[in-house]
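Protein chains in written order, with my numbering: chain F, 60 to 394; chain W, 8 to 379.
Hints are computed from structural coordinates only; laboratory data are not their basis. Just so you know, even glycine gets a beta-carbon here, dropped at the ideal spot from N, CA and C. Do not rely on the hints blindly, as some may be mistaken.
[Unchecked claim] Computed list of lysine-lysine pairs in DSS-like fashion (alpha-carbon distance at most 27 Å, straight line):
#1 W:LYS339 - W:LYS205
#2 W:LYS41 - W:LYS63
#3 F:LYS145 - F:LYS130
#4 W:LYS339 - W:LYS304
#5 W:LYS41 - F:LYS204
#6 W:LYS205 - F:LYS373
#7 F:LYS373 - W:LYS214
#8 W:LYS339 - W:LYS41
#9 W:LYS205 - W:LYS175
[To be verified] Chain F regions said to be covered by chain W (calculated; three or more residues, Cβ under 8 Å):
#10 139-150
#11 300-314
#12 346-352
These are the residues of each chain, in order.
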Amino acid sequence: MAAAWQKLVNFLGPDLTIIVVGLVGVLALVQVNALFLVWLERKVAAHIQLRIGPKEVGPFGILQTIVDGVKLVSKELITPRHVDRKLFMLAPIAIFLPVLVSFVVIPFSERLHIRDLNVGLLVIFAFSTFNVLAILMGGWASNNKYSLLGAVRSVAQNVAYEIPLLLSILSVLLWSNSLQMSVIVESQSNVWNVFWMPVAALIYLICATAETNRAPFDIPEAESELVAGFHTEYSGMRFALFFLAEYSNMLIVAAVATTLFFGGWKSPPFLGFLPVPGLIWFLLKTYILIFVVMWVRWTFPRLRFDQLMNFCWKIMIPLALFHLIVYAGIIKFIR
Amino acid sequence: MTNQMLEPITEQTYYLNMGPQHPSTHGVLRLFLKLDGEYIVEADPIIGYGHRGHEKMAESHLYEQFLPNSSRMDYLSGLLFNHGYVAAVEKMAGIEVPPRAEYIRVICAELNRISSHLLWFGTYIMDLGGFTPFLYCFDDRENILDILDHVSGSRLTYSYCRFGGVAKDLDDEFISATRQFIERLRSRWDDYHNLVTKNVIFIHRAKDVGVINRELALRFGCTGPILRGAGVAYDIRKAEPYSVYPELDFEIPTGTAGDALDRYMVRLQEMEQSLRIVEQALDRLPDGPIKAAVPHKVRPPKGDYYFAVESARGALGFYIVSDGTSYPYRLKARVPSYGNLQVLTDVLPGTLVADTISILGSIDIVVPEVDR
Numbered sequence: 060m061a062a063a064w065q066k067l068v069n070f071l072g073p074d075l076t077i078i079v080v081g082l083v084g085v086l087a088l089v090q091v092n093a094l095f096l097v098w099l100e101r102k103v104a105a106h107i108q109l110r111i112g113p114k115e116v117g118p119f120g121i122l123q124t125i126v127d128g129v130k131l132v133s134k135e136l137i138t139p140r141h142v143d144r145k146l147f148m149l150a151p152i153a154i155f156l157p158v159l160v161s162f163v164v165i166p167f168s169e170r171l172h173i174r175d176l177n178v179g180l181l182v183i184f185a186f187s188t189f190n191v192l193a194i195l196m197g198g199w200a201s202n203n204k205y206s207l208l209g210a211v212r213s214v215a216q217n218v219a220y221e222i223p224l225l226l227s228i229l230s231v232l233l234w235s236n237s238l239q240m241s242v243i244v245e246s247q248s249n250v251w252n253v254f255w256m257p258v259a260a261l262i263y264l265i266c267a268t269a270e271t272n273r274a275p276f277d278i279p280e281a282e283s284e285l286v287a288g289f290h291t292e293y294s295g296m297r298f299a300l301f302f303l304a305e306y307s308n309m310l311i312v313a314a315v316a317t318t319l320f321f322g323g324w325k326s327p328p329f330l331g332f333l334p335v336p337g338l339i340w341f342l343l344k345t346y347i348l349i350f351v352v353m354w355v356r357w358t359f360p361r362l363r364f365d366q367l368m369n370f371c372w373k374i375m376i377p378l379a380l381f382h383l384i385v386y387a388g389i390i391k392f393i394r
Numbered sequence: 008m009t010n011q012m013l014e015p016i017t018e019q020t021y022y023l024n025m026g027p028q029h030p031s032t033h034g035v036l037r038l039f040l041k042l043d044g045e046y047i048v049e050a051d052p053i054i055g056y057g058h059r060g061h062e063k064m065a066e067s068h069l070y071e072q073f074l075p076n077s078s079r080m081d082y083l084s085g086l087l088f089n090h091g092y093v094a095a096v097e098k099m100a101g102i103e104v105p106p107r108a109e110y111i112r113v114i115c116a117e118l119n120r121i122s123s124h125l126l127w128f129g130t131y132i133m134d135l136g137g138f139t140p141f142l143y144c145f146d147d148r149e150n151i152l153d154i155l156d157h158v159s160g161s162r163l164t165y166s167y168c169r170f171g172g173v174a175k176d177l178d179d180e181f182i183s184a185t186r187q188f189i190e191r192l193r194s195r196w197d198d199y200h201n202l203v204t205k206n207v208i209f210i211h212r213a214k215d216v217g218v219i220n221r222e223l224a225l226r227f228g229c230t231g232p233i234l235r236g237a238g239v240a241y242d243i244r245k246a247e248p249y250s251v252y253p254e255l256d257f258e259i260p261t262g263t264a265g266d267a268l269d270r271y272m273v274r275l276q277e278m279e280q281s282l283r284i285v286e287q288a289l290d291r292l293p294d295g296p297i298k299a300a301v302p303h304k305v306r307p308p309k310g311d312y313y314f315a316v317e318s319a320r321g322a323l324g325f326y327i328v329s330d331g332t333s334y335p336y337r338l339k340a341r342v343p344s345y346g347n348l349q350v351l352t353d354v355l356p357g358t359l360v361a362d363t364i365s366i367l368g369s370i371d372i373v374v375p376e377v378d379r
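Please build the complete structure, drawing on both the sequences and the hints.
Following this line, the structure appears as structure tokens:
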């Protein structure tokens, strides 16, 4: 094992080795996470709705998603005749790859991150914007009116909600003085950001829900209106990739929220004496946030498109701006 | 536009076929929409995909044989259709129904009305994107179906009424199960109101959406919760009392503006009123026979007859022409959803695609009933 590792390091060089091994690890994490989240979503939804949820395959039905995955892989990839073939095939890949890259800079614990770039946060938001492009590609290439409507909605929504999202994290950045994820976590050594910037955390979570197209902001794929939105025409593994990207996106969004507002890998205050590794704290916080997002999804009805935009432009952006100004003043005063 | 020839597109509009296979058209309704972006310019509901020719079928069936057809027109309030048809024939043939049978009919019909409204409630919120209340409602509705299954032997398409009475008597188990259900549903109102009625997103989605005002509703012959939501307290149970409704104490809830929220509130209050009716009817349930002596084949005298009852969706009338034989010469069902659906052409233009779903849902159509 050690010899093989040495061989790999000699072959690729130390930096590249970490990236390659890290990416393989991330790929595994993303898959396992998606499998777990789909199962969790179904279980959470079921228990909210007085049902049991999957229970047949494996203990508590935890292997259900693997079986579903096998089914999706084995299905025929149908390419309808009227689509723009190149874009149609590219879109599922385009939505999935950026998600994968974003994981490179997520600090899972004090030492467990693939690359601790000094522009870490920027990388995540730069790549998460790709999401929109892929959805637009998929919706446009499908040559289906429902898909197109879904794609157009998605672009308008994501572009609008990116503004308050970025505004809300600016106050965190002012405090940490860095875009580096590990520095942001270290800046919360005394008190988590969520305790003294609750509004920013709330804005972030709302906008992140909208960014990931989750209910009550799941307007691009609004099932009751647009059949399945931008991925109406997709089947088999291509559909699965959209699905995978959605759940991986949720993980990223929650992981970023954990890093920015909930102290990353740090233990909660007063629980520091527990011998729990940082990775566990990090994952625990992340999955609790994801649970909250799911809880919201299965409780609320969907907003209408114009209401969603009004909510963003008339409430979220002014609020985020005001918040930024106030906290800029406070931070200036403290320093 | 009804001939569906697409005119050359000169403006920035396009056509969208919503349905006949679409998650939210509740059956096989097709909405032919002309859209400008997401705004609807013209809307044309196209019906007939579920046409089975029930009215024509009646002409070749004995009066008794047509009974199962009646509940298959509207699969959600089959007992109310049953009741309407049976009462119409009884009026023709001059059959006296024993009081116990009338009470049983009213109890079962009101339970059916509640189950229909519960299903509407669930699917309407699902149309708006909230999935959870749907399953809560189905849990409650399941209870009603079990109760009705116990007495009538079927869960959806009942043939429980008979000319001159009902098929089977109520037993103690039915009565205690129904009383338990009344308790249970009353305890659920708080959940429903907290989950849905007070939800700010729901209010935004339903308030001032799809306004069908008094004038519009009357012009299109809308009945039921749509008309009452517009502020007209018209309910066949009060306006042209039939069966034992005059003896029972209940109110007709009405709205004011006629928007989707008013229709929602009207239906929710109607469920509570129906519970009251069931409760009173159970208390007063007289003893006696459940079926009058009726000849094997009903032969109503020559003439034409009309009888209306209040179905879950509005005024349901059966117009039957008899030529003196045991087959109806002509049977025409005036179904509430037909009029209620036509109003879409006036209400939809100017709204968003998302509102289409909300409005369609709030109107509560059952497509097989429209098509018949």
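Problem set entry | Outcome, coverage hint (the region 300-314 of chain F, chain W; C-beta under 8 Å; three residues) | Not satisfied, violated; 0 residues make the cut.
Exercise. Within 27 Å, alpha carbon to alpha carbon, are W:LYS41 and W:LYS63?
Worked result: Violated, at roughly 34 Å.
Exercise. W:LYS339 and W:LYS304: Cα distance at most 27 Å?
Worked result: Holds, because 21 Å separates the two Cα atoms, which is no more than 27 Å.
For this session: Mind checking the alpha carbons of W:LYS339 and W:LYS205 for me, to see if they're no more than 27 Å apart?
Result: violated (42 Å)
For this session: Given the hint that W:LYS205 pairs with F:LYS373, test it: the Cα-Cα distance must not exceed 27 Å.
Result: Distance ~23 Å between W:LYS205 and F:LYS373 Cα, so the pair holds.
Exercise. Is it true that the CA of F:LYS145 sits at most 27 Å from the CA of F:LYS130?
Worked result: holds (25 Å)
For this session: Take the C-alpha atoms of F:LYS373 and W:LYS214, compute the straight-line distance between them, and say whether it is at most 27 Å.
Result: Answer holds: F:LYS373 to W:LYS214 is near 20 Å, not above 27 Å.
For this session: Below or equal to 27 Å on CA atoms is what counts here, so check W:LYS339 against W:LYS41.
Result: Given pair W:LYS339, W:LYS41 is violated - Cα atoms ~33 Å apart, limit 27 Å.
Exercise. Counting residues of the region 346-352 of chain F that have a beta-carbon nearer than 8 Å to any beta-carbon of chain W, does the count reach 3?
Worked result: That given contact is violated, which follows from only 0 residues of the region 346-352 of chain F lying within Cβ reach (below 8 Å) of chain W.
Exercise. Under the criterion that the straight-line Cα-Cα distance not exceed 27 Å, is the pair W:LYS205, W:LYS175 satisfied?
Worked result: The hint is violated at about 42 Å.
Exercise. Against chain W, does the region 139-150 of chain F show at least 3 residues with beta-carbon separation below 8 Å?
Worked result: violated (count 0)
For this session: Could you grab the alpha-carbon distance between W:LYS41 and F:LYS204 and see if it respects the 27 Å cut-off?
Result: holds (12 Å)
Hint check: violations occur at hints 1, 2, 8, 9, 10, 11 and 12; the rest are consistent with the structure.
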